[in-house]
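Position chains B and C relative to chain A; hints supplied.
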Amino acid sequence: MTDTSFQHTPDNSPLFEVCNLRCERDERLLFSALSFAINPGSALQIAGSNGSGKTTLLRIICGLNDGFEGQIRWRGFDRSEQSEAFAADLLYLGHRVGVNKVLSPLENLRWSAGLQVKVSEAELMKALSDVGLRGFEESPCYTLSAGQQQRVSLARLRLSPATLWVLDEPFTTLDVDAVARLEQTLADHAEKGGAVIVTTHHKLELPKLQRLTLG
Amino acid sequence: MWLWFAKLGSPKWFYELSTKWLPWLTAAMVLTLGVATIWALLYLPPDYQQGYTSRILVVHVAVAGTSLAFFPLMAVAGTITLVWKMKLADMVAKNAAALGAWFSFITLATGSLWGSVSWGTWWEWSDSRLVSMLFQFFLLLGVVSLRSALEDSEKAAKACALLSIVGCINVVVIKYSVEWWNTLHQPASPVSMESGSANGPEFWIATALMILGVYLFLSVSLILSTRNEILQRERKALWVQELLADTKSGRG
Amino acid sequence: MDSTALNKPSTWSAFALTLKRDLLIAFKRKNDIVNPFMFFVIVVSLFPLAISPEPTKLAEIAAGVIWIAVLLSAMLSMDSLFRADFEDGSLEMLLLSPHPLFFLVLAKNIAHWIVSGLPVVIASPLLAYMLKLPGDSYLTLLLSLLIGTPTLSLIGSIAVALTVGLGSRGLILAVITLPFSVPVLIFGTLAVQSSAAGLPAGGYLALMLAILAGSLSLAPLTSAAALRISVS
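Chains as they are written, first to last, in numbering that gives the first Met the number 0: chain A, 0 to 214; chain B, 0 to 251; chain C, 0 to 231.
Derived by calculation from the structure, the hints in this document are not laboratory data.
It should be emphasised that the depicted structure is a prediction, and the values quoted were computed from it without experimental measurement.
Hints may be right or wrong, so weigh each one.
Stated by the list, open to error - Calculated lysine-lysine pairs in the DSS-like style (CA-CA distance at most 25 Å, straight line):
id, chain 1, residue 1, chain 2, residue 2
1, B, 247, B, 19
2, B, 235, B, 84
3, A, 100, C, 29
4, B, 11, B, 84
5, C, 19, A, 117
6, B, 235, B, 154
7, C, 27, A, 100
8, B, 19, B, 86
9, A, 117, A, 191
10, B, 235, B, 247
11, A, 207, A, 191
12, C, 19, A, 100
13, C, 19, A, 125
14, B, 154, B, 11
Chain A with its partners taken away, still in its complex shape (with noise of 0.2 Å):
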């Protein structure tokens, strides 16, 4: 997993990088001036105090709020003009998980993986079982607890073949256990060469780690 099979990429610039961001909501500066960048096999953790702006700027980063001045580039382009690819090339995991309560895990992650890759069903239950989901593959979603439907989100990380994560708090409702999965997931990406953009109030042991504080 390098991104120098990516033939438009110019050399040296960062996988994902933003300029000069500046974000108002509701006629509250919530953060001017602000600029980092994430290369392949490094870490951001976003952190701040609640109302901080954390989330607002996860959902810039992915492009669904676009409420911002400055500039996002991604593999030196503009994101705006690759936007397909730069789907293709992203996970994003909200605050809310995306999985529907009245289907099964297996029928959730068969829609919200296979949108973004072609996954056969033996695909789909292993990354259900590594996520520690097995036997609950046919229950509705209804049945299972928060921790448990966060899972079910949590298996797409398995299957996706994007190189930038964005993870808006995916740690609140795991189990220690969980946990512990999870962070080895994320260095396991971090060293195949992907980049993980985390906001998390945990304290994160990965290699590479940046730091960014808002507020």
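Relative to the frame of chain A, chains B and C by itself:
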């Protein structure tokens, strides 16, 4: 050209320019509206067929004609909001929706007032213009209520911009489908509005003057309400603070 | 990252996945299918009680009553089009997927129409019979509804997408959507009425097809833009 466009988008620039223009526009409005109203309502000779009721028509036609301008105006403003993210366009659009609803309402009111005398009924489904005006009124109210329902002002701006563009297309489709519907359900039509054309040239001059006056009124009210909107949204900006300080010290 | 490009599913398969998912959700929830249908049947059944059981009077209003009931049931059922997805976060996934949003929104629209519009269309001849609609116009009624209900769904989805973030949106949805449905209502009822009067209705159906074609190409695009606004 581009520079001029960007400049126009600046609320401050608009505010300053409108300060200069406003007195002239207001004076022109008072003059034309005053002359047109007095002439039309007091001195216009009665129509041989409709008698004095044709005088209402002067007001009605002018307001109706103007109210048709709102959806195109809002659609253009909406496009500017969505494509160039220009805040000023949204400030204009916000007030245009409510003002447009009022204009449509006045059109309906004067229309049925005229109808009550000429047709002997306050409401006549067989006049397609009344019916499509009614739906334009509903559509404008829809935009107004969407605006008030969305709390986030930026989201509201974009949502209303989109709805205005869709609404503008829809008003045209509705107009033609209602006309079609009307020709097929045509009962024995009462006096058609076309009989207004039986009026002499004086009627049309008065109407033209009235249309000019109503358009001036529209511009003045849009400018005034936009200025209000600018002050409110930019109240934290330095130039507004200075302006407020000036006004206060000028008074004190 | 060659694998990204190679393993990316086609837009068509994303379309099919979304369509299947939405149909599956609807079949599991049942309410989405049953309620619009029941609403339609009940509203139509109220008219004879409120107006008159006299066959000639009913025959006269049948087309209009059925069309208005269809309109209302379509509008009420529209609300569920994006709501669950908005609330659970699936909508964000949809917006961030590497496919043109046009086709995914279209897939959701089609699924929604199959679930809430099609049953109503199928039941309409029975209700038309109960309202004593003249015999020659059944086919026209069926065709006009078959063309008109997807149009209503497509147009309605714009308003739903615009209001999906609102807490209470039942009435504002009606205020926005109902005026938009006027052309469909006019041509739909004109088609049925003229065929009931023994006149050809093909022209109206063709016009409705034109409106459907227009909405099919423009409405998902507008809904997609509206969703981006609502989710931001």
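Hint check results:
1. B/247 - B/19: OK: residue 247 of chain B and residue 19 of chain B at ~20 Å, within 25 Å.
2. B/235 - B/84: This hinted pair holds, its Cα atoms lying about 20 Å apart.
3. A/100 - C/29: Cα-Cα ~14 Å, so holds.
4. B/11 - B/84: 16 Å, holds
5. C/19 - A/117: 16 Å, holds
6. B/235 - B/154: 20 Å, holds
7. C/27 - A/100: Measuring from Cα to Cα gives roughly 10 Å; hence the hint holds.
8. B/19 - B/86: The hint holds at about 21 Å.
9. A/117 - A/191: 20 Å, holds
10. B/235 - B/247: 17 Å, holds
11. A/207 - A/191: 13 Å, holds
12. C/19 - A/100: 16 Å, holds
13. C/19 - A/125: 22 Å, holds
14. B/154 - B/11: 23 Å, holds
The structure is consistent with each of the numbered hints, conforming to all of them.
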